[in-house]
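Line order of the protein sequences matches chains A, B and C.
Numbering follows the numbering used here, with no gaps: position 170 of the first sequence is 170.
In short: position in the second sequence from 1, add 478, done, that's the numbering used here.
In short: position in the third sequence from 1, add 897, done, that's the numbering used here.
FYI, nobody ran anything at the bench for these hints, they're computed from the structure.
Check before you lean on any hint, since a few could be wrong.
[Stated by the list, open to error] In silico DSBU-like pairs for lysine-lysine, Cα to Cα no more than 35 Å straight-line:
hint : chain 1 : residue 1 : chain 2 : residue 2
1    : A       : Lys208    : A       : Lys164
2    : A       : Lys420    : C       : Lys1012
3    : A       : Lys403    : A       : Lys420
4    : B       : Lys579    : C       : Lys1012
5    : A       : Lys403    : B       : Lys837
6    : B       : Lys860    : B       : Lys845
7    : B       : Lys559    : A       : Lys232
8    : C       : Lys963    : B       : Lys657
9    : A       : Lys444    : B       : Lys482
10   : B       : Lys559    : A       : Lys476
11   : B       : Lys703    : A       : Lys272
12   : B       : Lys503    : B       : Lys482
13   : A       : Lys475    : B       : Lys698
14   : A       : Lys108    : A       : Lys356
15   : A       : Lys378    : B       : Lys480
16   : A       : Lys403    : B       : Lys555
17   : A       : Lys403    : B       : Lys698
18   : A       : Lys451    : A       : Lys471
19   : A       : Lys72     : A       : Lys115
20   : A       : Lys184    : B       : Lys698
21   : A       : Lys403    : B       : Lys748
22   : C       : Lys970    : A       : Lys475
23   : B       : Lys480    : A       : Lys403
24   : B       : Lys588    : A       : Lys390
25   : C       : Lys914    : B       : Lys535
26   : B       : Lys588    : B       : Lys480
27   : A       : Lys232    : B       : Lys694
28   : B       : Lys480    : A       : Lys232
29   : B       : Lys807    : B       : Lys503
30   : A       : Lys272    : B       : Lys657
31   : B       : Lys579    : A       : Lys403
32   : A       : Lys290    : B       : Lys703
33   : A       : Lys451    : B       : Lys657
34   : B       : Lys708    : A       : Lys471
35   : B       : Lys571    : A       : Lys403
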Amino acid sequence: MEDIIIIGAGAVGCFIARSLSRYELSTLVIEKENDVGDVTSMANSAIAHSGYDPVPGSNKAKFNVLGNRMMKEVCQDLDVAYEECGTLTVAIYDSQLPMLDELLERAKENGVPAKILTAEEVKAMEPNINPEVKGALLCPTGGIVNPFELTAHAMENACDNGVKLHLGEEVTDIKAENDHFLVKTTKGNYEAKIVINAAGLHSDDIAKMIEPISWTIHPRKGEYYVLNHYAKGLVNHVLFPLPSEKGKGILVTMTTSGNYLVGPSSEFVDDKEDLSTDTLTLANVKEQAKMLVPNIPFPEQIRCYAGLRSTPSTHDFIIEPSKAYESFINVAGIESPGLVSSPAIGEYVAKDLVGKLLPLKEKSDYQKTIRPYCHPQKMSVAERNALIAKDPRYGEIICDCEKVSIGEIEDVLSRSVPAKTVKAVKKRTRAGFGKCQGGFCQPKVINLLAKHYGISPIEVLYDKDDSQIVKEEVKKEA
Amino acid sequence: MKTKDLVIIGGGSAGMAAAVAAYDKGIRDILILERNEFLGGILNQCIHNGFGLTLFKEELTGPEFASRLIEQIKERKIEYKLHTYVTNISHDKVVTYSNAKEGVVELQAKAIVMAAGCYERNAGAIGIPGDRPAGILTAGQAQLFLNEYGYLVGKRVFILGSGDIGLIMARRLTLEGAKVLGVAEICAWSNGLNRNMVQCLYDYNIPLYLSHTVSKIVGKSRLEKVIISKVDERMQPIPGTEMEFDCDTLVLSIGLVPNNDLLNNAGAAKGRSRGALVNENFETTIDGIFSCGNVLHVHDLVDNVAMEATVAGRSAADYILGNLKRGDKKIAVQAGDGIGYVVPGEIDLSSASEALEFKFRVRKPSKNVYIVYKFNGEVVKKVFKPVIIPSEMEIQKMPKSLLKNDQGTIEVSLVQKEE
Amino acid sequence: MERELICICCPRGCHLKVDENLNVTGNFCPRGAAYGKQEVSNPTRVVTSSVRISHAELAMCPVKTKDPIPKGKIFDVMQSIINTHIEAPVHIGDVVIADVCGTGVDVVATRNMEKI
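Chain A with its partners taken away, still in its complex shape:
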């Protein structure tokens, strides 16, 4: 019997696991994908919102602001790339200026530092901005964060502290027994005193397994362009247009790896697995983005992607026990600003909700930091040579575009949340993220995965089950 089962290892599940791993509790995380943070937490705007935007008093406002305040320390402890670059919400028309005042008021109410800038001030900070700009709301505590590292490192820290993680296992049914739950999966049955439903897009499906619910999750798709990092200085802050009922609108931002993102669109879809992109939507994203930055170098495009937001019918994060069972906790509808909120949600769920049900006794050997990662690209030549002298694998680079070494790749294969797929390697190390999109390094990554796990390259997965990249060995010795 486990004390706690967490269903879902997105940002929210990972941070709940991390917060719980501090205490003398047995925790099991069950994730249907082959990697942590593989759905909504992977395909988003990678922004640590300041919290000026959510309706004051809402869960979104509360957890966003708390999460933002935690971000710096969390990213330090977890060795996650994070930059407090500030966000600018930009008015292009005179008629939009009153909306900046409204947003400033809202920011104050939410306790978020903010100030209104004149057109000249904005132009000085952002040389490439639409010259028609009339003013902007600057929120200096907004920033950008590496979402892949944030989720994976949070779970790694949880696992280092004793949490168990089952990847590639889907929950098929949950039964409420007398004093516990029976969780059935595609691979086995488990019992737990507490179940935490952090199943993202499928959190309503999971919640329905134990009782009828009044809310639903409706997937809302966002499509993006990724631009290569040559376009240095394209923007220096996260640039938002003024928000509308459809969300925060099409933004232009850099990422912690120096790329630029342009997006997202916002369309409700019915299929929770539909991550397709389409030409018309992306053309529209392009047009709208030009309102913020007229000369975006779209020929530098290296990829398009789509993500699905878990939009709840309640319009706010659902973070509460189910109606019938105090020990079945729904953490659902965590759409934007979910990424930045997740550390705060994790703390709240562990301390306030689980703490009510089970005694929270702190582990004596709890470690809040993870074993640091090597960042050879950030090192001086001397530091790098010291590293390579100790471990020559860091000297051999195999990713042409992002300059990733074999040492960095083999490191993520042997962590407590090991990368098991090509995509997991890509998310952790950036190998395959550059202009050639794995053209040069993917065969080498496949060979490294095959060697590490003692499997054939035809068994190496790109991401999901049945996503092998090479199909068949030719002319095999009989």
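Use these hints to put chains B and C onto chain A, whose structure you have.
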């Protein structure tokens, strides 16, 4: 800091040919840096034949062509490092490289030849609509897996793009047991060589769909099917023309791009080919840094790569020996109507040899046209071409004596012959 | 019966017609006539492929038929190549399959691969 007379980035056909040429001009302190485990570059995976007809007067396969150059390197005992990756080139010619044995090394070069080849345009760059499952690879990746590692990337394959590697892979995959369902080409013409069209597609009854593109990708984990559509004159899919192909693999052969990051970062000016801007000696806008082969502009024949690199290698040797003087006057070379790019991008008459050589590609296939060279607005040369196609690079020569001034602009353009 | 072909001798790509008496029309130059005759009377191809190799740095060693073989025998030759396994070392020109499928043509290695 360690020093070298000549550092060559890339040990493929261009890098080796440049090294040999510089050696033969008297340079001995040469180092070739190659990221892979072998010299020869992409030639090693191009196991088909058709190489070497110009340079060696016989038809060779890629590995055979490579081995001829490797022998020349070994005969001259030219130093090379494998598994070695160049991370930076500075404006003042400091080359930073990294490998497992030596770590990170900074090397002051007197001259550098950039010969890092090209990379393949991929699905991300063109943003094919639909899902993003496994099973979408570039032709070069499929070629590497099959020819060097012995793995077939799929059993039912569709090919997007009629570039030569795509056509070659259509045949290779068919011979090795896959079913190739067809090739879609967004242009109204094929972008491969005729002999590849005939010997790789027609021989195996593989259909070619001109003016078609993949309009949708379907598949959650592994590719399940592609939908192709006819395109209009703006290359947009025409609704109602869709055709579905059940397949597990989409191979992309949609163009090659010079892998020129190092020179871009060093501050070398860019040319229209997406490589560096070079003069007739293949010297970039940075003194003593030369560029040649596919990192400069994408070639269709390796023989031309090797010959171009030979000129670049000799120029680098001349530079090191103090025999290459750059004048302060130059002539800009521009691509006019119908021309995609021209190499060189500028000419320095004081250092140019008697015969100037121009390499360029036309934008679309044309018949009965003149290639017109205008110098400062005046026509100085006209070449009639009964047929000219984008998939074959054009190489034309012009005597230096036709240019009566050492400054100005040459514009190369395509003009239709009047009936 | 008249056969239609595309000439592969140059980028022009003439559309050739070859009748049963091997008369070629549609060609721009004499090379096209020669190609048309050969292609209709006895089309041949060089087959390039690879064979599995043991104790080498790579799994596959590239090979080719030393001379063109009749087009109709391509898949027989491939079957023979598929069934062949070799050991390193091997050098360019080494015979991997002698007289493949009775064509009188050898399949030879096209890459030097040392024993490791």
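**Request:** Give me the numbers of the hints this structure contradicts, sorted from smallest to largest.
**Result:** none
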